[in-house]
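Visitor: Sequential numbering of the sequence shown, starting at 1, is according to full-length UniProt numbering.
Hints listed in this document are in silico derivations from the structure and should not be mistaken for laboratory results. It is possible that some hints are incorrect.
What the hints assert, rightly or not - Derived DEER-like restraints, expressed as beta-carbon distance ranges:
(1) GLN95 - LEU153: 22 to 30 Å
(2) ARG60 - SER104: 51 to 59 Å
(3) ASN38 - GLY128: 50 to 58 Å
(4) GLU118 - LYS16: 29 to 37 Å
(5) ARG157 - GLY128: 38 to 46 Å
Think of the CB as a built atom: it goes at the ideal place given N, C-alpha and C, for glycine as much as any other residue.
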Amino acid sequence: MQIFDSPYKSCSNCIKVIYKEEGVMAFYRSFTTQLTMNIPFQCIHFMTYEIMQDLMNKDRGYDPSSHMISGAIAGAAAAVATMPLDVCKTLLNTQECCSRSRVSYVNGMTSAFRLVYEYQGLRCYFKGVQARVIIQMPATGISWSVYELFKYLLTQRQNMEDKYPRVNGVTVKAVESSEV
1 MQIFDSPYKS CSNCIKVIYK EEGVMAFYRS FTTQLTMNIP FQCIHFMTYE IMQDLMNKDR
61 GYDPSSHMIS GAIAGAAAAV ATMPLDVCKT LLNTQECCSR SRVSYVNGMT SAFRLVYEYQ
121 GLRCYFKGVQ ARVIIQMPAT GISWSVYELF KYLLTQRQNM EDKYPRVNGV TVKAVESSEV
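Make a model of the complete structure from these sequences and hints.
Guide: Here it is as structure tokens:
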């Protein structure tokens, strides 16, 4: 459905035609590439976020702007680093044939890497990197901000429960001697 001038009328039409013509394995064509891409993406993403937090939020307190910026930078770094894998994954998913290639079907990550390189060399591995970074930066920035917000709220709630324990559904507040 993502390719230019897609022959499919709808998502369900796409599923039916692909299943009929290529079988169930067509839906898993780039599965290993996707897994291979996600592992380094997440490693780079988390490491970059932690490094940015060390630089921007040394005390590791709740700071929405540092979480947003750190998350955005982490997403951008991971997107750029894994872009060649994303290009190959897209080629495997769409099976777009290159005009300079004699190949009619791309099978596997190695074939995809070879075909991309034959088509336009190293620069082809980074085609669309700006779009991918523009998508990842707000997505990861928002994700980290929401994660840190919930972590903060849950910590605050836990601190309140520790301070004022509940006994049989009733909140018990210890009275200090200065309050009596």
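Visitor: Return holds or violated for the Cβ distance of ARG157 and GLY128 against the range 38 to 46 Å.
Guide: With a Cβ separation near 43 Å, ARG157 and GLY128 satisfy 38 to 46 Å, so the hint holds.
Visitor: At the C-beta level, are ASN38 and GLY128 separated by a distance inside 50 to 58 Å?
Guide: Cβ of ASN38 to Cβ of GLY128: about 18 Å, so the range 50 to 58 Å is violated.
Visitor: A range of 22 to 30 Å was offered for this pair. Does it hold for the Cβ distance of GLN95 and LEU153?
Guide: 46 Å Cβ-Cβ, so the 22 to 30 Å window is violated.
Visitor: Quick one: are GLU118 and LYS16 within 29 to 37 Å, going by C-beta?
Guide: holds, 33 Å
Visitor: Per the hint of 51 to 59 Å, is the separation of the Cβ atoms of ARG60 and SER104 within bounds?
Guide: Taking Cβ atoms as reference, ARG60 and SER104 lie about 54 Å apart, which means the hint holds.
When the structure is compared with the earlier hints, violations turn up for hints 1 and 3 and for no others.
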